[in-house]
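Numbered according to the working numbering, the sequence shown spans residues 5 to 259.
Bear in mind the hints are in silico, worked out from the structure with no lab data behind them. No residue lacks a Cβ here, since even glycine has one placed at the ideal position from N, Cα and C. Incorrect hints may appear among the rest.
To be verified - The list that follows gives simulated cross-link-like pairs (lysine-lysine, DSS-like), each with its CA atoms no further than 25 Å apart:
no. : residue 1 : residue 2
1   : 136       : 44
2   : 136       : 75
3   : 40        : 27
4   : 81        : 198
5   : 166       : 44
Unchecked claim - Derived CB-CB ranges, DEER-like:
no. : residue 1 : residue 2 : range
6   : 111       : 218       : 42 to 52 Å
7   : 215       : 112       : 45 to 55 Å
8   : 169       : 112       : 17 to 27 Å
9   : 198       : 36        : 22 to 32 Å
10  : 205       : 28        : 37 to 47 Å
11  : 12        : 215       : 44 to 54 Å
12  : 10        : 229       : 38 to 48 Å
13  : 39        : 237       : 35 to 45 Å
14  : 102       : 39        : 45 to 55 Å
15  : 113       : 11        : 13 to 23 Å
16  : 123       : 55        : 16 to 26 Å
17  : 167       : 55        : 19 to 29 Å
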Amino acid sequence: MLKVMKGLQKGIVGIEGAGRITKDDYINVLEPILDKALRKEEKVGILFYLNETYEGYTPGAVFEDTAMGLKYFNVMKRCAVVTDSALITGAVKLFAPIIPIDFKSYNIDELDVAKDWLMREVESDIEFHFDKNDNILTLTSSHPLRVNDFEKIQNLLNQVYKETKIISGIIVNSEQFPGWDDLRSLLRHFEFLKENRKHIEKVGICTSNKLIRSSASVVSDHLDSVDVAVFEYGAINEARNWLRNIESKDEMRAV
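Put together the whole structure using the sequences plus the hints.
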């Protein structure tokens, strides 16, 4: 059986599991909540609490858990699984490195710790600034990209999208592309591009990385309708002028 937990802070969806959990529990209890968040384009923290009476999953519930995870993980900011089940804890540790959100397990006596973790501010090393006048987001990073970096940027963009659905563009300023911290960071990067490309007109990349400079057209093709141009590392003003259409793409020096 699954039921919605009451009295949690805003931004946390709590689901308590007891006894044997079935496919219908997922469909009737969890899916409506996640579907609502998806329609409202909200990000929520998921608290999945399997209490002391938890007995296990039916095969249908296991399938539904996987299916919903794939369908709705882009509305999940973080997910904490609270349980004393060694099997469930082991599964969380196994899949956490490849799931593109923060995913942790806690013992039942750590329930309050799990709640605090879900509400904790997302930590990030990436520097970013959104210019409301030009409608341009500038990103600077010298560290390998992490899931938290994308979550923090997404939180900002979600606020921006409440005022405007389209932003003029993004400037990425990085001397040598730092890569990703782990596999799930790479997966989250792809998901970030998928979520936001319909809102972005142009991307200007300022870098000294030869591979990125030579593959801008490939990046542009991947982003479909988004124009991509490459500039020298640190040439933020030049990139900004291109985003603002002060200098046309045809007039820009090829790099």
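(request) Determine which of the earlier numbered hints do not hold for this structure and return their numbers in increasing order. (result) 2, 8, 14, 17
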